[in-house]
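Residue numbers (the numbering used here), protein chains in the order written: chain A, 1 to 383; chain B, 384 to 766; chain C, 767 to 1149; chain D, 1150 to 1532.
Be careful, since some hints might not be right.
In silico lysine-lysine, DSSO-like type, Cα no more than 27 Å apart, as pairs [as the list claims (entries may be wrong)]:
#	chain 1	residue 1	chain 2	residue 2
1	A	K115	A	K375
2	C	K946	D	K1306
3	B	K655	A	K180
4	D	K1219	D	K1439
5	C	K799	B	K398
By construction, these hints were calculated from the structure, which means they are not laboratory data.
4 protein chains.
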Amino acid sequence: MEKCLRYGMVGGDLKAFIGEVHRKAINFDTRAKLVAGCFSIDPVLGKETAIAYGVDMSRNYLDYKEMAEKESQREDGIDWVSICTPNFLHYQVAKEFLLHNINVVCEKPLCFTIKEAEELEKLAKERDLVFAITYTYTGYTMVKVAREMIKKGEIGKIVNINVEYAQDWLIDSLDPKNQKATTLSVWRSDPKYSGISNCIGDIGTHAENIVHYLTGFDIKRLVCTTDNYGMALDLNANMILEYENGVRAALWCSQVACGHLNGLVVRVYGEKGSIEWAQEHPDYLHVTPKGEPTQTWARGGSYTMKYDAGHYSRIPVGHPEGLVIAFANIYKNVITTILKKKNHETVTEADLDFQNVSNGVDGVKFIHKAIESSKEGKWVEYK
Amino acid sequence: MEKCLRYGMVGGDLKAFIGEVHRKAINFDTRAKLVAGCFSIDPVLGKETAIAYGVDMSRNYLDYKEMAEKESQREDGIDWVSICTPNFLHYQVAKEFLLHNINVVCEKPLCFTIKEAEELEKLAKERDLVFAITYTYTGYTMVKVAREMIKKGEIGKIVNINVEYAQDWLIDSLDPKNQKATTLSVWRSDPKYSGISNCIGDIGTHAENIVHYLTGFDIKRLVCTTDNYGMALDLNANMILEYENGVRAALWCSQVACGHLNGLVVRVYGEKGSIEWAQEHPDYLHVTPKGEPTQTWARGGSYTMKYDAGHYSRIPVGHPEGLVIAFANIYKNVITTILKKKNHETVTEADLDFQNVSNGVDGVKFIHKAIESSKEGKWVEYK
Amino acid sequence: MEKCLRYGMVGGDLKAFIGEVHRKAINFDTRAKLVAGCFSIDPVLGKETAIAYGVDMSRNYLDYKEMAEKESQREDGIDWVSICTPNFLHYQVAKEFLLHNINVVCEKPLCFTIKEAEELEKLAKERDLVFAITYTYTGYTMVKVAREMIKKGEIGKIVNINVEYAQDWLIDSLDPKNQKATTLSVWRSDPKYSGISNCIGDIGTHAENIVHYLTGFDIKRLVCTTDNYGMALDLNANMILEYENGVRAALWCSQVACGHLNGLVVRVYGEKGSIEWAQEHPDYLHVTPKGEPTQTWARGGSYTMKYDAGHYSRIPVGHPEGLVIAFANIYKNVITTILKKKNHETVTEADLDFQNVSNGVDGVKFIHKAIESSKEGKWVEYK
Amino acid sequence: MEKCLRYGMVGGDLKAFIGEVHRKAINFDTRAKLVAGCFSIDPVLGKETAIAYGVDMSRNYLDYKEMAEKESQREDGIDWVSICTPNFLHYQVAKEFLLHNINVVCEKPLCFTIKEAEELEKLAKERDLVFAITYTYTGYTMVKVAREMIKKGEIGKIVNINVEYAQDWLIDSLDPKNQKATTLSVWRSDPKYSGISNCIGDIGTHAENIVHYLTGFDIKRLVCTTDNYGMALDLNANMILEYENGVRAALWCSQVACGHLNGLVVRVYGEKGSIEWAQEHPDYLHVTPKGEPTQTWARGGSYTMKYDAGHYSRIPVGHPEGLVIAFANIYKNVITTILKKKNHETVTEADLDFQNVSNGVDGVKFIHKAIESSKEGKWVEYK
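If we strip away everything but chain A, and leave its shape as in the complex, we get (with noise of 0.2 Å):
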């Protein structure tokens, strides 16, 4: 029986914010051990990091590719790849890994167009692969008890949504002067790396995701507005979103708001009760239950215990988790979930508790059918 995995990267440097992430988070588990990669294009780069996790040089590979071939060929070969590349090449590296049966984790946006994330589906289904998106707000262990507690009814049927992810640290490319360099700088930015949508993909697409995530509902059409000023993909846009059982959500993200930080921020009316989460103070969840005063509820306080998702807390009450735990917990159930098929056991709905390829295909379709309503001025159905 095995107790622990390899995996491998692609992306995500030393220098890179989220392959730190990705490797810290996957080390609170300790159950998998970073043993291959092909970091970085700059070979010096990949050298140092590789060189830092202890990844034998045999295995701190310049081509994605090659690593693909041959860590499937080898018995000690990786388990999984985190791809945690800029967007543009998410989709080639993840499909590559997939063909030679490697299960993968990838950042989100999943890639660019419906169809390539639809293929990516296929693939992943039809190989019987595990294929993880990290959108990461889902792995806050108070975001999984407001989901249990709306799928447990304690909030009664939901009339109303509110949402919001909105940043300011591209405020300074509202001014025509620094345009020019900004889509030098920033990738996501620019068409060519980051696909039709700069703000959407990066941060909407979460806004959107842990709405489904929470009350499990599907988009049935949506009314977008995008803004630009000046640049070539949109910094800002207003949404109202109309799910399949009639419900409506507002949803805003921005990353020229100035004074907001990474101010998701989600908001769910019930008949019975609302909860209200953010993440900027994730450990704390507030709850209303109707005709009641608004409560504060903290992770690993002894009510939240009586929540299975509760006991996603890792250290005590009061003291802060942070976002590596977020990816921690994610992780966890991909490694549980990895292990257990590879041991033949049995993966249970808990274990998948995890965004999968086909979050990623309903995220790629949400960013194209906002930009499309955009464009055209009215409300676009998702059918």
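On the provided structure of chain A, position chains B, C and D as indicated by the hints.
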């Protein structure tokens, strides 16, 4: 030179919340005295109100038409009438007093149809009468400070707006079992007394108005969804507004959003900074200059006093003022304007800092356009 | 049966903040009329105040002794006097009116010495006069709700208390260059007008009072440090109080704590729960039942209305009331008590829910014990 | 030149919260590897821990003395030991490793008596060994930024300090029925394992330490009350501290304060400004420059990056870091210091930014003085 005015009131008996607020607010100014009223259709309650406020019985009317007629003929007749009736009476009462050349202060929304609204506007202008609409929240000092900051360009060119007004007092009407009873007991939920909208007409209009007050922006088009949940009128609405200058705003209003009390929150984002104001903590304003930490401005703070609007502050910093004083600030300007006109003094722009019949017309138009967009499922142009 | 009272005021001219607050607050009750006053030592300002409030010139006094004398002889003399002078006049003015059998409402602190305080207490009791002290913060609805919760045992036996009252309006007087000017311009910082203490006498006494109001506890002993920073009187003080039942409280007051506006915050911890109330957001109360999440109670919320004290609420939930209404709540009970006594009706315990001369004596004693402990550098016993 | 260190751990088995935190934190640095341990008195649990972390069985010790002995003799012996045992073992374990010339990182409090503490301090100094104490909260970036601001004089001369550390996890022990069980299950409440204090030794010492860390002030005298509520050791304490420069601080710590989770809050007031930091939202710092609005500084914000300490930030602004990264920041400096010493490089003051054995001595002294003051009911001098 007159120093003190006389006023009358239609509606607003002792048991009515808003009539009391008007009277206390006017009293804060110590420049006007209540001398006449037609407070209630219940003569006993009307009389009790008159007695409590020392109104002479000869000026305690049962019929507002009689009141308009008689007061207009007295030498010491009222200088203005405050209309605090349910919505469906605003038009006829306001018209009657205008026709008798008496200034009017009216609760929002002004009336039911755009035609009626424009008729009242025309009447007031022709006769050069003051016609104020008590959009309460424009009376708060920190809203006025925010407006001055925006006017002075301190947050730069505006790029996006987010406004919401959420309450939960009608949440019980989500349950079909309660809907008949709600319609009977809450006049706002009955089209007969409330017109074509409940939620948008009651609170959505405040949200729209405060953005206009802060920015001066006029709406070009909007898209809206409304949720009635089985009731005759809307209880929840999501909108995207587009202003004539291309700026967009998300607007959400709800009377069924569990956990929200009187949650008017407005956020205006500019190229150089942003402001956020929340009605439940009205003495504070959150200001973020670009690239700097978010600041919490307090009414009465020395930095606030550098703004003309800062001087609306009446009690020292840190001591809460509250809703009545917001009303008092509106009446302060209304009274000054009426007094100056009476004394043939020059009325300044600062004196006219209250919402007037034209803002009332805008409010009625907004309600109609929003309902239209919701019904037709598309963007609706203003022109 | 009398339904309306007449009152007079000593101090509190138009330019004085607190006099205005008293008058607006009394007006909220619509059961008392200002008919006499000795508003200022400046006759011009006094007259202006009288005119603004419609006080007949024959009852606009220049000498409070004459006022007490003449009003006591009129058949329509004042039912009570509100004393809004600087601290150093409280004793003599209060005494004069008591000696003329006129009820008194006096600002805090009651007077300068324990002996004087006890003399006033004795006088009021002998003559069966109402003698209220306007400890403002006891007037807030949510403070009263907290008190009722504690009384009903809902937070269990109290185990610890933390109270602070921090402001920063005198921070400039930390600079030796400003100290002379401060002493001249701020009477509270001058022993002649303020007695033995500035900070403790001005705001520390509120902190001590609110704990007593909430819990009923009497102090057994205390230890205190004061910081004058070069001024004649204290600007900052730290204390530990021990009550007769052994419970301890930390008390901090300051007029030089940068960033604090009017920061009275009181927290009471019991075996079964805790409450926290902050003056700057007075419509809310934070309640934590043991083992449950912290709850934010709102004035006017249905759950608040289950408490008798909840019914002090005057305007709907979510609409801020503010300081003037806290004062109005104090006067409501004072007026009811005086009216009932005048009409020979039974005064209930609920009517007497205002701070009286005995609480005033406690306040004076507290100031003296705190200063004594600070000077002697040791614990000081009350008895 | 060495680039990577080897470390061992005493205590901290898989089930122990704090051992896990140490290991994850060290891993964040990727410059040290766990190679030896004496993790538990339970051999099964110890072995499991060793396996989980890949520690060779030959270095999985059952006896810490054996571990010190053998590791000191190996060429590839550990560079330091991290001590994560209950308090009562700190002294003997630390001493043993010091005597074998191995650097030490020890949990707080250092040990039970001042004599023991000074002995350890002497040993470490004589042998020129690194001896760090993990006062966790000094590791947070925003605490370090606050310290730098204070050092640079940005809030001016300090005039008052307020610090509290409140929790409620022992509230059940207020009930006499639970006290015996608590003593058995919570080693901190048993003098045998915890020394003369529970609450002050566990969390009060953090409160004292963070003030010293921020200001550099040394205590001159203190007055303290403790509340045991029937237990052998304190569960709550109120103090006033006086520093050698005359500045005072109020300090409150509690394990029975209902509603507080891990509520360390420190506020430092200066002549030119103030800072406030709360552990539960560690990525933010509230700063109020005199005469300006309060500012909310965020870790990672560009204005924060103007401070050297800002660069402790690891993940982008708005993405929470949490407790483990605070620990990682402490270990970062410890590891740098040990590495530099090993490589005969110059250790800078910045490298030494971690709490050391002398701070540990201060902590033990503080606990003793506080308990002494409480017992004797008077101010206690440090010298």
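Of the numbered hints stated previously, which ones are contradicted by the structure, given in increasing order? Checked against the structure, the only hint that fails is number 4, while the rest are satisfied.
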